[in-house]
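Top line first, the protein sequences correspond to chains H and F. FYI, the numbering for the first sequence is 1 to 114, going by this note's numbering. FYI, the numbering for the second sequence is 115 to 228, going by this note's numbering.
Quick caveat, the hints were computed from the structure, so don't treat them as lab data.
Within a straight-line C-alpha distance of at most 30 Å, the following computed BS3-like cross-link-like pairs (lysine-lysine) qualify:
1) K173(F) with K151(F)
2) K220(F) with K164(F)
3) K181(F) with K215(F)
4) K57(H) with K181(F)
5) K164(F) with K55(H)
6) K18(H) with K215(F)
7) K57(H) with K215(F)
8) K215(F) with K3(H)
9) K57(H) with K140(F)
10) K220(F) with K57(H)
11) K53(H) with K215(F)
12) K220(F) with K182(F)
13) K55(H) with K215(F)
14) K164(F) with K57(H)
15) K220(F) with K3(H)
16) K173(F) with K3(H)
17) K215(F) with K70(H)
18) K71(H) with K215(F)
19) K55(H) with K140(F)
20) K71(H) with K151(F)
21) K13(H) with K151(F)
22) K151(F) with K57(H)
23) K182(F) with K57(H)
24) K55(H) with K220(F)
25) K151(F) with K3(H)
26) K13(H) with K220(F)
27) K220(F) with K18(H)
Which bits of chain H does chain F cover? Going by a derived footprint, with three or more residues having C-beta under 8 Å, they are:
28) 42-53
29) 56-65
30) 89-99
31) 106-112
Note that the coordinates shown come from a computational prediction; the quantities given were computed from them, not determined experimentally. Where a beta carbon is used, it is the ideal one built from N, C-alpha and C, also for glycine.
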Amino acid sequence: DVKVTQSSRYLVKRTGEKVFLECVQDMDHENMFWYRQDPGLGLRLIYFSYDVKMKEKGDIPEGYSVSREKKERFSLILESASTNQTSMYLCASSLPGVSIYEQYFGPGTRLTVT
Amino acid sequence: QQPVQSPQAVILREGEDAVINCSSSKALYSVHWYRQKHGEAPVFLMILLKGGEQKGHEKISASFNEKKQQSSLYLTASQLSYSGTYFCGTESTTSGGSNYKLTFGKGTLLTVNP
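Let's have the full structure, built from the sequences with the hints guiding it.
Here it is, written out as structure tokens:
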């Protein structure tokens, strides 16, 4: 069964802390994505990666960075967390070719920055 | 720029039909539809590629009008299990090719009551 897992369901951090969100997929997918989901704003793409060590900015990359050292793992990094980064973070993966392949989503990490 | 979904919310009685629209200001390569139930990850429904095709999935179908840069999701004879938030994700074209990412709308909350 297809699976995308995220390291934490809930996370509370303080302003200024460095935060790591981890995502692992077991489907050997080339593409991996990080989205944030806020009420009334839908899903917004932060970064995506189409191969190991490759990354592309999404629509809202400011304040975030990513790392992909292994095919199955994609990390989202908040270098210095701020309160406006309080959100639900969703990771997804897919086969190569955005047009024709579905994205599989993880359960999400609800991050609160105080 | 996010595609615009309408309506923002709709309430149905079991057995009624609904249409959810997704409209983009950009030329589209493909449109994806996902459903997210409360507290769960988004789940894939279908993909439509440019060419005006219509797809079906049981009692849920969708159309894609490439010229109008619009897609519509049709839910017929709705069931309680159809409740959730529906998102369209659009893949835009750049110089005739894909921009390799999905931009999601803000979602349409569908509630089906007995």
